[in-house]
Structures are given as C-alpha cells and as structure tokens.
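Whenever a hint applies, use it, and build me the whole structure from the sequences.
Chains as they are written, first to last, in this note's numbering: chain B, 7 to 227; chain L, 228 to 802; chain A, 11 to 415.
No wet-lab data here; the hints were simulated from the structure. Owing to the predicted nature of the structure, the values given are computational and were not obtained by experimental measurement. It is possible that part of the hints are untrue.
Distance condition first, Cα-Cα at most 16 Å in a straight line; then the derived EDC-like pairs of lysine to aspartate or glutamate [to be verified]:
| hint | chain 1 | residue 1 | chain 2 | residue 2 |
| --- | --- | --- | --- | --- |
| 1 | A | 50 | A | 80 |
| 2 | A | 260 | L | 385 |
| 3 | A | 47 | A | 35 |
| 4 | B | 184 | B | 98 |
| 5 | A | 260 | L | 379 |
| 6 | L | 626 | B | 66 |
| 7 | A | 47 | A | 80 |
| 8 | L | 626 | L | 574 |
| 9 | A | 186 | A | 226 |
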Amino acid sequence: MSDPNRTATGLALRDITIMLRQARLLTIDACVAPGDVLTVMGASGSGKSTLLSFVAGFLDPVFFATGSVLLDGVDLTTLPAEQRRFGLLFQDPLLFPHLSVGGNLLFGLSPDIRGRAGRLAAVIEALAEVDLVGFADRDPATLSGGQRARVALVRTLLSRPRALLLDEPFSKLDVSMKHQIRTLVFERARARGLPVLLVTHDPDDARAAGGQTINLSPPCP
Amino acid sequence: MARVLAPVPNRPGSPLLILLPVLAFALLIGPVVAGLLGAVLPALGFLPTLGGTSLSLAAFEELSTEPGLWWSCWLSLSIGLVTTMISFLIVMVFVAGWQGTRAFGFVERLVSPMLSVPHAAAAFGLAFLIAPSGALMRLVSPHLTGLTRPPDLLIVNDLWGVSMMAGLVIKEIPFLMLVTLAALPQARSRELSRVTAGLGYGRLAGFTHAVMPLLYRQIRLPVLAVLAYATSVVDVAMILGPTTPAPLAVRVLQWQSDPDLHRRFVAAAGAVLQLGVTAFALLIWLTGERVMARLCRIAAPSGHRYVRDRTGRIAGAGAMILSVAIIVAGLVVLAAWSAAGLWRFPDAAPLSFSLANWARALPSLVAPLINALAIAAAASGFAVILALGALEYEARAGKTPTIRALVVLFLPLLVPQIAFLFGLEIVFARLALTGTLAAIVVVHLVFVFPYVLLSLGDPWRSWDRRYGHVTHALGKSDNTVFWRVRLPMLTRPVLTAAAVGFAVSIGLYLPTLLVGAGRWPTITTEAVALAAGADRRLIGVTAFIQAILPFAGFALALAIPAVMFRNRAQMRPQG
Amino acid sequence: MRRTIFAAFSALIGFAGLAQAGSPDPSNWQALTAEAKGQKVYFHAWGGEPRINDYIAWAGRTVKERYGVDLVHVKVTDTAGVVSKILAEKAAGRDDGGSVDLVWINGENFVSLKNAGMLLERPWAIKLPSYAYVDVAGKPTVLTDFTVPVDGLEAPWGMAKLVFFHDMAVLADPPKSMAALLKWARANPGRFTYPQPPDFVGSTFLKQVLFELTPDNALLGKPVDDATFAAATTPLFAYLDELRPLLWRKGRAYPQNYGAMRQLLADSEVDITFAFNPSDASSAIASNELPDTVRSFVFDGGTIGNSHFVAIPFNANAKAGAMVVADFLMSPEAQARKQDPNVWGDPTVLDVAGLPAAERAVFDRLELGIATLPPEKLGRTLLEPHATWLARLEVEWARRYGVNQ
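Right, dumping it as structure tokens:
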C-alpha cells in the first residue's frame with residue numbers, strides 16, 4: 007500500500023503524540039491493514055505500552071495525548087474501552103482466577119451468541135480448536151503457561167474483537183512455547199482479518215510478525 | 228490534518244456512585260463536628276433547653292474546683308503517652324530485630340488473632356490474672372509464698388494506672404503490629420535492611436536509620452490514633468484504672484449521668500478539657516517525633532554499627548510473646564471462672580466445675596447477644612458498602628488518596644470518643660433519635676468505617692488493573708468489571724474487612740452506651756456494667772462470649788471463600 | 011425546622027397520638043389492663059445483680075402472659091443517670107413519649123424527680139389493687155422516703171436494711187458497733203473496706219457511721235445546711251480519717267459496689283462485708299460465690315433501713331402498662347417470690363399477717379437460708395437522714411478521700 011494513512015479499512019493511528027507533563031514521550035503516525043501486524047519496538051520506558059493503552063482506551067490521566075485512533079475510517083478516540091472492541095493480550099494471561107476455564111471463555115464470549123447450550127457449545131468448540139478438549143471445567147491455576155496463553159487468546163477471540171492489541175504477549179513463555187503461541191496468534195488474526203498492534207522489545211517477535219516495524223526512540227529529555 | 232486533542236473517553240458509570248464517597252465523607256466528619264459543637268456550646272454555658280442562654284466560663288470554673296481534677300488529667304496524659312510509647316517500641320524493636328526470620332512469621336501468626344479480642348475482655352483477663360487474689364498468685368500459693376490469704380497489695384486499680392497501661396499495651400501491640408506489617412513492603416523494609424546489614428550495621432541500628440524514616444510515615448496516623456484512644460478510653464479504665472480519682476474520661480461520664488442537670492455543663496466542660504488533654508498528648512508526641520528524627524540524623528554520620536543488639540532483640544521478642552501470652556492466659560482464666568463452682572483463695576483450681584453459671588447467665592445474655600450481632604452486622608455491612616463505593620469511585624475517577632483524605636478517615640479515631648459522643652447524644656436527643664437502632668448503627672459506622680476502609684484499601688488498590696483492561700477489551704462495562712471480576716476476585720479481603728468491622732463494632736462500649744440510652748444493651752455494655760461488681764463467674768461468661776464473637780466473624784471470613792472457591796487454587800491465601 | 015423534624019418523627023413512631031390520650035386511671039382496673047395490653051414498658055432498673063435481673067425477667071414473662079404487657083428491663087448502672095435522662099427530656103420539651111416508663115427508685119433520686127414535678131402527678135400507686143396489702147403501719151418507710159412523703163407517687167417494691175456478714179471460720183466474734191469496728195480494724199489492718207461513694211451501699215455506710223457518732227440525731231431528719239452539716243459530721247470524718255489507713259489497700263482503692271465487696275470476702279481479701287439486703291449472703295452461698303460458713307449480723311444500736319419503690323415519670327409513654335407492672339410487683343405472689351433467697355431474698359413490703367391464708371402460707375414456707383437472720387433478729391431500723399444530706403456527704407467524701415496521691 008502506497009499511502010497507509012489513506013487506507014479506509016484497518017486500524018489507523020493518526021498524528022498521535024503522548025506527553026508526560028511537559029515532555030513529549032512519543033509521536034507516531036501509522037496504519038495497519040486487516041490481517042497485518044504493526045510492530046512497535048522500543049526499550050523499556052520508551053512509552054510503547056503507554057501507546058497501547060491510549061489505543062485501547064485507558065490512558066492513565068497523568069499522560070496527555072493528541073491525535074486519533076480510527077478503525078475502518080471511524081474515529082474511536084472518544085469511545086470508552088469497552089465500546090472499541092479491541093482484543094487485548096498482556097504478557098500475563100490474566101485469566102480470572104475465580105472462574106473455571108469455561109467460565110472465563112463464557113464471560114468473554116460475545117453476547118450475540120444466545121442460549122445456554124449454544125454458548126457452551128461455542129466455548130467447547132473454541133477450546134478444541136486450540137487442542138484443549140475437556141478443559142472447560144478446569145481451574146485456570148492448574149494449567150501450564152502455554153495452555154493459559156491459549157485460553158487467553160481464545161477468550162479474546164470469542165469476544166469478536168475488531169483488532170488485536172498485544173503488549174509483549176510472548177515474553178514470559180519459554181522458547182519452544184513462544185514460537186508455537188506466536189504462530190497461533192498471528193494465524194488467527196490473519197484468518198479473521200484483524201489488524202494487529204504489537205508492542206515488544208524482542209526483535210524475534212518483529213521478525214515473526216513480518217509486517218511494518220516502528221522503532222520508538224528514547225523519550226526526549 | 229488538524230491536531231486534535233484526544234479527549235478523555237466518557238465513562239458511562241452510575242451517577243449514583245458519587246453519593247457513596249460523599250456519604251462516607253459526611254459520616255466521618257458530620258458526627259464528629261456535630262458532637263464537638265454539642266460539647267463546646269454547653270461547656271460555654273449555652274444549652275437553651277437547660278436554661279443556658281448566655282456564654283460564660285462558669286462551667287470551667289466549677290470544673291476546676293472538682294477534687295483531683297488535675298490528677299485525673301495527668302493520669303489521662305501519662306497513661307496515653309506511656310502506653311503508646313511502650314507498645315510502639317516493642318513492635319518496632321521486634322520488627323527490626325526479627326523480620327525475615329522464621330520466628331517472625333511465627334509471632335506474626337500468634338499476634339494477628341489477638342487484634343480481635345475486645346479491649347474489655349482482655350482487661351478482665353488481665354485483672355483476673357494479676358490481682359492479689361488472681362490466678363498467678365493462686366498458682367504459687369501457698370507452697371511458694373506461704374500465703375493463705377491474698378496479700379494486701381494495690382495492683383489492679385493502682386493510683387498511677389500501671390495495670391491499666393499494661394491492659395492497653397497488650398491490646399495496642401497487635402494493632403500496631405498489623406499496621407506495621409501492612410506498611411513494611413511500602414517502606415521497602417526487607418531490601419533496605421539487607422543493604423544496612425551488608426554495610427555491617429546491627430539489625431536494630433540498621434532498621435532505625437534506614438527503614439524507620441519511611442516506615443514511620445506510613446504508620447504515623449495509626450500510632451496517633453492509639454495515643455488518642457489511650458488518653459480517653461473509658462471501658463478499660465473502669466476495669467483496670469485508678470478510682471481515687473479516675474482518669475478524666477471516666478469522670479466526664481460520671482458528671483454526665485449526675486442527677487443534678489446543672490452538672491451537664493461541668494460534664495461538657497470536662498469533655499472539652501478531655502479534648503485539650505488529648506490534643507496536648509498529641510502535641511507532645513509530635514514534638515517527640517521531631518526530637519527523635521533529629522537525634523537519628525545526628526547519630527547516623529557517626530557510623531557506629533551497634534552490632535551487639537542481641538539483648539534488645541531478645542527483649543523485643545520476649546515482650547511480644549508475653550503480650551500474647553497474657554491475653555491468652557487471661558481468656559483461659561475467664562473461661563475457667565465461667566465454669567467454676569466455689570473457688571476460694573489460694574486454690575489453684577475451683578472445687579468443682581459446672582455449667583450452672585452458663586445456665587444462669589445465658590437467658591439474660593440472649594438479648595444483648597442478638598443486639599450486638601444485629602448492630603455489628605448492620606454497621607459492618609454498611610461500612611463495607613460505603614468503602615466499596617468510595618474505592619470504586621476512586622478507581623473510576625482515577626483519583627489517588629491524599630494525606631488529607633487519610634486524616635479525615637482517621638478523624639473519628641483521633642478525637643476522644645467521650646468529647647464528641649457526649650455532644651452527639653445531646654444532638655440526637657434534640658432530634659428524638661436517642662435510643663433508636665438507626666442512631667446506634669450510625670454511630671458505630673463512624674468508628675467501624677475507618678477500619679473497614681483501611682483494611683480493604685490496600686488489597687483493593689493493589690488488584691492488578693490489567694484484569695479490568697482485559698475485561699473492558701472484552702466489551703464489558705465498568706459495572707461488569709466491578710460485579711463480575713473485581714468483587715469476586717477480592718472476596719476474601721472484602722469479607723476480612725467486614726470481619727474487622729464486625730470486631731470493632733462488637734468491642735464498642737461508649738458509643739453503644741451513650742447513644743443507645745440503655746435500650747440496646749450489647750454483650751460489651753453488659754460485660755463492662757458487671758466490671759464494677761458482679762460475680763467473677765458471670766464476668767467470665769460474659770467476657771468470654773464477648774471475646775469469641777469477633778473470632779467467629781473472622782472464622783466465617785475465612786470459611787466462606789474457602790468453600791466458594793474450593794476448586795480455585797489462585798483464590799487461596801498466598802504464602 | 012427542628013420542631014418540624016421532631017413532630018414528623020414523633021408522628022412516625024406514633025408517640026404523639028398515644029400520649030395525648032390522657033393518663034390512665036388506676037382505680038378502673040378493667041380499663042387499665044385493657045389499655046395496657048400490647049404496651050411496651052421500659053423499666054429502668056439497676057442491673058448490677060444477676061439475681062435481681064433474673065427476677066425482673068421472670069416478672070416480665072408473667073405480665074406478658076397475663077396482661078400482654080411487654081416489659082423491657084433497661085439495666086442501668088446508676089439510677090441518677092435515669093433521673094438525669096428524664097430531666098433532659100423535660101428540658102428538651104419531650105413532654106410525652108418519654109424513654110422511661112417505670113423506674114426503680116428511692117431516696118434522693120425520688121426527691122429530685124418529685125420536687126421537679128417530673129413524676130406522674132396524682133397519687134396513682136395507692137389506688138392499685140395490691141396496695142391494700144402494703145404494711146403501712148409496720149413499715150413506715152413505705153410512706154416516707156428519706157423523710158420526704160411518698161404521696162402515692164411511687165409504689166413500694168421492697169425493704170432494705172443494712173446487714174453485715176462475716177465468715178465464722180475466720181472471724182468468730184465480729185464487732186457490733188462502729189466503735190468496735192474501728193478497734194477491730196486497728197488489730198486487723200487491711201481486712202475491711204466499703205464501696206466507694208456515691209455507690210448507694212457505700213453512702214449508706216457513711217450514713218450508718220454518721221448516725222452512730224453524731225451528737226444530735228434529730229438534726230439528720232431536717233434539711234441540711236452548712237452549720238448543721240459541719241456540726242453533725244465532725245465525728246464522722248474524724249472516724250473515717252482514722253479508719254482510712256486501716257482499710258483494705260489503705261484506702262487507696264475501693265470496691266465499686268457491694269457485689270465487688272462480696273467478691274473480696276469470697277477471695278478472703280476482707281473479713282467483714284455488708285449489704286443492703288439481709289439475705290444477700292444466703293443467696294451467694296446458694297450460687298457458690300461464698301462458702302457456707304458465712305453468717306449475718308447487725309449492730310447492737312440498729313442499722314439503717316429504707317424502702318425502695320417503682321415510679322412513673324410524667325412523660326412515660328406506656329403509663330397504663332407501667333401501672334400494671336407496678337401492681338404485679340406489689341402482689342403477694344411476686345413479693346413472696348422476691349423474698350425467697352434462692353431467687354433474690356429481698357424482704358416484702360406487705361403485711362404478711364394480714365394476707366389471706368393461702369398467700370400467707372407461701373410466705374411461711376420460705377426457707378430463709380442459713381446465713382439470713384429472721385425478721386425479729388434484724389434489730390432496730392434507723393431511718394434515713396433527710397434526702398439533702400446525701401449529696402453533701404458524697405461531695406465531702408470525694409473531697410477528702412476521693413483523691414489519693
């Protein structure tokens with residue numbers, strides 16, 4: 007695509023500047039097409055996670071931001087997080103410890119799917135797709151790291167997000183798992199045509215993502 | 228393209244939510260201010276219903292002629308300061324000397340449950356132990372002492388309030404200990420202590436120089452609350468304190484119930500004087516803080532390592548364990564008396580045990596028990612709702628608690644109870660609210676809410692907010708985050724906070740007495756009413772029940788989540 | 011505004027309407043019990059003695075069964091506080107729907123309320139059916155309370171007399187006058203004490219000393235003034251000055267009431283105690299508090315005695331219910347049970363000889379207990395001084411002995 011800012015479909019980050027008090031933390035202007043991955047790289051403190059929270063809709067009030075977030079040409083900047091429908095994955099899977107695996111997924115599952123039986127079937131099917139047959143009644147605390155990461159991904163996908171925001175989601179996985187989960191996430195995003203914003207400090211992630219990479223320079227003093 | 232300022236997203240939260248913090252704020256400030264006005268105005272002679280319509284200092288003049296007034300003030304002041312100082316020192320020396328050791332964890336587990344033992348029950352237990360005819364003397368008589376009659380020694384009710392100080396210290400140690408435990412991580416105590424140890428400092432010296440400055444800032448308000456409480460406590464004073472004369476707060480209560488209505492002006496003046504005595508004690512303490520801080524700054528550059536602090540460490544641990552042992556032994560003696568037949572001095576055990584005392588006492592304790600449970604359940608329930616509301620508002624509005632908010636929170640704990648409850652009773656009487664259950668619950672809330680909020684605040688705020696982000700990203704509203712994620716995940720701390728509130732409410736004496744107008748006797752007012760006279764067996768039964776009620780609350784707070792989340796490993800207490 | 015709130019609140023609770031209905035007439039028993047039915051009577055009574063509390067609870071159950079009256083015992087530590095509460099309500103303009111319906115009272119508290127016009131006006135007590143059996147001839151203290159005429163404004167409930175106790179096993183021959191007591195205390199320092207005034211038993215001890223030592227007893231029956239007080243009390247305070255260092259704890263602490271003093275006897279801390287109730291020791295032996303070697307004695311010259319009553323404040327909310335309770339408390343049935351040392355042991359105000367045979371038999375069957383003196387051995391009854399003496403005595407006591415350092 008010659009001019010990503012003009013793309014009507016996908017996720018657009020337009021003229022975004024984030025300030026911490028008087029200091030400029032970062033500036034970015036980029037666009038991600040459906041199924042593509044935009045990787046934002048930077049050392050810790052570069053503000054890459056802050057960018058992600060701005061896009062997701064829960065920027066801490068100590069920061070101050072200008073610019074806008076568009077999805078398929080619609081400005082979402084003033085919408086609260088729950089109305090943006092951006093799926094979110096952190097380095098921790100953050101499964102709700104008071105719910106079973108199935109409970110976590112039912113909680114995430116879009117309300118468009120109605121009826122007890124239908125919802126349950128959707129959850130069981132989604133678990134099967136990631137090789138977790140029979141895990142619905144399990145306590146999340148009894149799962150391995152890789153299993154948890156898969157459940158977290160499924161929970162996000164079941165909510166029918168319109169884009170994925172990933173905050174170093176693979177950094178806590180061991181090497182063999184990392185590759186597997188990374189592939190799984192990107193495959194699913196591509197299959198569903200979801201634009202993906204990935205922030206990471208791991209060059210391997212960027213390579214695996216295969217899309218555009220933006221390096222955030224350290225903040226201006 | 229024009230640069231647009233990205234506005235903060237609208238949070239479609241419930242507009243009613245703001246009501247809860249406002250209500251909480253009003254609850255903390257309102258009764259204290261109304262109560263103080265209700266005391267100050269009559270003290271200055273203004274109480275139209277009793278014919279006082281002009282301002283004068285006559286009440287203070289009459290107050291100053293009360294025999295032994297200044298001694299009463301001195302007692303309040305010295306008991307408050309000494310109690311706070313000793314409790315504080317013991318806790319600090321123990322924490323400094325033992326944190327990170329296995330012994331520390333052991334003592335920590337011993338001390339925590341002691342917090343829930345009501346002051347009155349602990350005081351009775353102590354009295355039953357140390358009196359010349361008490362359990363300790365019985366254990367060693369006659370074979371060690373040769374005594375067949377108790378020695379004529381003034382131990383309980385001694386003139387300087389030493390036994391009263393002891394009774395307060397054993398109860399304030401658990402409180403300060405728990406407050407300190409909560410503050411240690413924020414003060415980065417472990418790390419800093421390792422650094423000082425690496426530099427070759429002894430544990431006590433290293434702690435004093437490196438950890439204390441940060442730690443003390445965190446626990447300062449609770450320490451001041453202990454001081455304010457100890458200068459003005461009534462129930463412990465009635466059980467263990469001197470009587471010729473009594474500490475000031477007890478005397479204010481006596482003047483307040485004098486049949487000569489005119490004495491109400493004196494009582495009001497006394498309440499104001501109590502306010503002054505407590506303020507003076509706080510002032511002395513605050514001055515002492517500065518002096519200590521300066522001494523530390525002077526001592527630090529000398530580089531003395533004070534490595535040989537074994538004696539200090541052992542003394543600290545000994546004092547901690549002793550304080551627990553006294554409370555436990557006291558409860559055991561209470562239990563023994565509650566089931567004792569004839570038990571004369573110097574017999575170490577009663578001639579017989581029977582449940583007759585319980586059978587005799589229980590019928591008349593049913594109503595006080597139900598009242599206490601109802602009041603405590605209502606007060607702790609409302610307090611938890613208010614605290615959740617305030618915390619949720621804070622979270623949604625993105626606010627962080629300020630030191631000013633913290634002072635407001637501690638206000639009811641820093642103002643002597645007798646000073647504003649006295650006036651509050653006058654205000655309630657004007658509104659014909661005295662003796663209503665609603666009034667009692669409101670007054671209990673004033674004292675229960677701060678503890679509930681303090682107990683809930685830390686776990687609530689340290690909840691990983693990314694769970695909220697994930698939930699929002701799943702398309703869920705703030706309310707869903709609250710009801711379906713945050714609240715269930717924090718079930719345990721919420722129930723613990725409720726149990727703390729329940730325990731505080733059960734132990735409240737003066738608020739129940741003054742605002743309840745005697746119509747709502749609770750197990751605590753019954754127990755203290757027996758203090759002056761009745762049979763030890765009956766005191767044993769009543770105080771024992773009083774002591775186990777809070778335990779029951781904490782047991783429930785542990786059991787409910789354990790059952791609810793029996794298949795959820797991560798919902799179990801960590802560590 | 012405040013009045014509006016108050017009015018709204020009273021209306022809400024329904025106090026205002028009830029109280030305006032006019033005071034009930036005790037001579038119309040039928041109407042009285044009809045009106046009393048369903049009322050809640052807040053009975054403010056000293057609550058420091060479990061036996062008495064149990065007795066009141068029994069009375070409550072009985073009046074509930076028979077008259078549908080709900081009796082709530084508000085346990086107070088000091089009746090003075092109740093007086094102060096009623097006064098405060100009057101001051102606050104709460105002329106009806108008051109929080110006290112019935113109060114256990116006598117002496118200076120009665121006088122305070124009577125003089126301030128804060129008792130139910132009209133002699134209601136003498137119109138109650140049970141009053142017919144009250145021994146007005148043999149027990150003059152039911153007519154004059156601390157020398158002040160009762161005027162039917164309170165209903166007699168019980169008799170009190172100062173009685174001393176000692177443990178035979180320890181002290182065979184106790185002193186039987188104040189002079190002898192002092193002599194005994196010199197030989198046995200630290201073995202005697204008295205409850206700290208203004209506890210009523212402690213104050214009664216002061217009055218007993220006063221009676222025995224004052225030069226002119228007649229003065230005590232009149233209202234006190236500075237001159238008579240000084241003249242009458244000089245020997246009293248000389249006595250107490252001498253006694254103080256010989257007291258338990260050298261007078262630096264005192265038991266707070268007679269229950270605490272009884273515990274001291276049980277613990278062998280003291281050898282002589284006293285109570286305002288002749289059967290106190292028998293009851294305490296029955297409940298394992300005291301050994302069965304404790305016995306009663308009285309002084310040769312007599313001891314202070316009085317009557318205690320129940321009264322209804324002017325603004326009581328449940329006046330009819332309160333009258334029904336007062337009548338029941340005076341009834342032979344309730345009086346006999348009260349006199350039983352296994353229950354309470356408080357002597358009756360009734361003329362037992364004048365009772366119908368069946369009721370008299372109940373009294374005759376009572377076992378007084380080994381430590382209780384029969385009525386004929388209780389000795390002469392000394393009358394209470396005029397009510398004005400007490401406050402003066404208490405203030406002076408507090409000034410002289412209430413501060414120790």
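Structure-based check of all given hints:
no. : hint           : verdict
1   : A:50 to A:80   : holds (5 Å)
2   : A:260 to L:385 : holds (12 Å)
3   : A:47 to A:35   : holds (15 Å)
4   : B:184 to B:98  : holds (13 Å)
5   : A:260 to L:379 : holds (9 Å)
6   : L:626 to B:66  : holds (11 Å)
7   : A:47 to A:80   : holds (9 Å)
8   : L:626 to L:574 : violated (63 Å)
9   : A:186 to A:226 : violated (21 Å)
The structure is inconsistent with the numbered hints 8 and 9, although it conforms to all the rest.
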